[in-house]
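Protein chains: 2
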Amino acid sequence: MTTLVADVGGTNTRVAIFFDEDMTPTSVRRFRNAEFASLEAVLKQYLADLDGVSCSAACVAVAGPVRDGIGRMTNLDWVMDGATLCTATGAAQGFVINDLEAQGHALDDVDTRCVLGHGRPAAATSTRLVVGLGTGFNAAPVHPVEDGSEFYVVASECGHASMPVQDQTGLDLSLSLRKAHGFASIEEALAGRGLLAINAFVAAKSGAAPHDSTQDLIAALSGTPTATDTATAGLYCQLLGQVLGDLALVHLPWGGIYLIGGMARAMSPFFATHGLSDAFHDKGRFSTFMDDFAIHMVEDDYAALTGCARYVRRHS
Amino acid sequence: MTTLVADVGGTNTRVAIFFDEDMTPTSVRRFRNAEFASLEAVLKQYLADLDGVSCSAACVAVAGPVRDGIGRMTNLDWVMDGATLCTATGAAQGFVINDLEAQGHALDDVDTRCVLGHGRPAAATSTRLVVGLGTGFNAAPVHPVEDGSEFYVVASECGHASMPVQDQTGLDLSLSLRKAHGFASIEEALAGRGLLAINAFVAAKSGAAPHDSTQDLIAALSGTPTATDTATAGLYCQLLGQVLGDLALVHLPWGGIYLIGGMARAMSPFFATHGLSDAFHDKGRFSTFMDDFAIHMVEDDYAALTGCARYVRRHS
Numbered sequence: 211m212t213t214l215v216a217d218v219g220g221t222n223t224r225v226a227i228f229f230d231e232d233m234t235p236t237s238v239r240r241f242r243n244a245e246f247a248s249l250e251a252v253l254k255q256y257l258a259d260l261d262g263v264s265c266s267a268a269c270v271a272v273a274g275p276v277r278d279g280i281g282r283m284t285n286l287d288w289v290m291d292g293a294t295l296c297t298a299t300g301a302a303q304g305f306v307i308n309d310l311e312a313q314g315h316a317l318d319d320v321d322t323r324c325v326l327g328h329g330r331p332a333a334a335t336s337t338r339l340v341v342g343l344g345t346g347f348n349a350a351p352v353h354p355v356e357d358g359s360e361f362y363v364v365a366s367e368c369g370h371a372s373m374p375v376q377d378q379t380g381l382d383l384s385l386s387l388r389k390a391h392g393f394a395s396i397e398e399a400l401a402g403r404g405l406l407a408i409n410a411f412v413a414a415k416s417g418a419a420p421h422d423s424t425q426d427l428i429a430a431l432s433g434t435p436t437a438t439d440t441a442t443a444g445l446y447c448q449l450l451g452q453v454l455g456d457l458a459l460v461h462l463p464w465g466g467i468y469l470i471g472g473m474a475r476a477m478s479p480f481f482a483t484h485g486l487s488d489a490f491h492d493k494g495r496f497s498t499f500m501d502d503f504a505i506h507m508v509e510d511d512y513a514a515l516t517g518c519a520r521y522v523r524r525h526s
Numbered sequence: 211m212t213t214l215v216a217d218v219g220g221t222n223t224r225v226a227i228f229f230d231e232d233m234t235p236t237s238v239r240r241f242r243n244a245e246f247a248s249l250e251a252v253l254k255q256y257l258a259d260l261d262g263v264s265c266s267a268a269c270v271a272v273a274g275p276v277r278d279g280i281g282r283m284t285n286l287d288w289v290m291d292g293a294t295l296c297t298a299t300g301a302a303q304g305f306v307i308n309d310l311e312a313q314g315h316a317l318d319d320v321d322t323r324c325v326l327g328h329g330r331p332a333a334a335t336s337t338r339l340v341v342g343l344g345t346g347f348n349a350a351p352v353h354p355v356e357d358g359s360e361f362y363v364v365a366s367e368c369g370h371a372s373m374p375v376q377d378q379t380g381l382d383l384s385l386s387l388r389k390a391h392g393f394a395s396i397e398e399a400l401a402g403r404g405l406l407a408i409n410a411f412v413a414a415k416s417g418a419a420p421h422d423s424t425q426d427l428i429a430a431l432s433g434t435p436t437a438t439d440t441a442t443a444g445l446y447c448q449l450l451g452q453v454l455g456d457l458a459l460v461h462l463p464w465g466g467i468y469l470i471g472g473m474a475r476a477m478s479p480f481f482a483t484h485g486l487s488d489a490f491h492d493k494g495r496f497s498t499f500m501d502d503f504a505i506h507m508v509e510d511d512y513a514a515l516t517g518c519a520r521y522v523r524r525h526s
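First to last, the sequence lines map onto chains A and B. Residues in the first sequence are numbered consecutively from 211, following the working numbering. Residues in the second sequence are numbered consecutively from 211, following the working numbering.
It is worth saying that the hints were derived from the structure and are not from the lab. Hints are all accurate, no fakes.
Since the list can't tell identical chains apart, any single copy or any two copies may satisfy a pair.
Below 20 Å or equal to it, Euclidean Cα-Cα: the simulated DMTMM-like pairs (lysine to aspartate or glutamate) are:
#1 254 <-> 287
#2 389 <-> 488
#3 254 <-> 291
#4 389 <-> 377
Work out the full structure, taking the sequences as your base and the hints as a guide.
Structure below.
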């Protein structure tokens, strides 16, 4: 079975071909969305470049809400649905899913390492939670069905829910995000631009100069951080711990929480030293209950593409 | 098919018998948990009172987390699992599920009325969200599977997640709840005792006397409320709107949000006049996105028992 898979992000779209379970490494291409009028145009260009590979199914992961099989993104006016995919690729079957949903489908195919908690292997019947932390924030529960031989990944837009606030510093940060964006969402605090916003907030208080880029700040944290850098990482890890704790109570992922994305990878070295665990457990009489949830890191750049291919195998 | 169903709450357990799809009204009994050492003892008493009805299946809804088929409640040391149910009742099949999960399974069997939003009938394939608001707070998404002919209800403990805070008043309330309970959860703010806590908080600011009971306060709101009463209802409805908005973004219930429970019924007359809609839509660039979610009221005291019976039919 030949499957075309694509991962449509805010800036770029990556496309690849899978033969049965395996991605063809030489088939991976990246396209700048701004250079194309539609997803159809991207896929036609891709297939032309590959001299017309014939595929039987196509699946696209979209970094935005998918409703009734139609994907939407706030910064793109592309129509993304199954019929469009079939027209563009000649495939008989076309699927559009949320990108985090795709990551959820890949969870059995990727290596992980435990960064918080017990790290016991998950029972096949346990719910897991994928959390994407990069240029955006989102989380998708992965529920096993049919005794764990299959699973059901649920779409979400939880990154746009309220950022938790526990104290005056949190409220001040929340109010500054509201001033800038109209609302203090989880994403505005924890995505890449969130770390920079937190740094600007902390720097303004201490009178220090903020960093110009997320990369600069992360590099400083790995080298000789200033007190402002350390406070930034502390506030970030504390907020992330609170958010992950809330999501654990919402979804009950006894099978673990799986972090994915560039920001998760970049900030994970600071979790243990900057208070993530304390914030995760700060739930009053439910504090010990939180011990039942472990947090793991996923490090696989192609997880969304792998998830698309697996989704097609599960739904064909 | 004869099914024994039970709803184990914090104080009482209600038990009933269903023949196929219908509850036998004369079979409903209520037991005070404090008078029994175990659920087994309640069920044996119930069956003895009914002169030994023979049932083929049993299902219990528990107001607490259910993990791997075992139900737990913070204030009871009862062991609740399928095997115990079978031993106590002589049934061949026993199931323990979360109470809100049970309510979710009943959603097709109960009448509802729209209290916010478009009120269009849900597509069979749309996710719905049941929100229980009474002596506790919880929410369970109801996902259609197999093209809507079946559905999958997911357990949660989201009432113990962080109460949202958007401004100084919210933070002050949150800090007062943290002082009293170690953590400011959604449940501590929005369950029955939450309304009283909000009233005490507002009254302390205005120098007025707080109400002694939730019933008193609700009666005052329906009569000639003081400024303090009105401010209490306003803060409550605002918080509820924020929480429901966040849960809508987490679960994407295009099929609607369904409120269940005594507090939802008591406070729903004040939703329209006390700012619930504004708070629900207060999501920055996602404000118009919120129009896609409608909020409905469910008024059926037996919904959890009905849901248990339906669960058994779906899983036998």
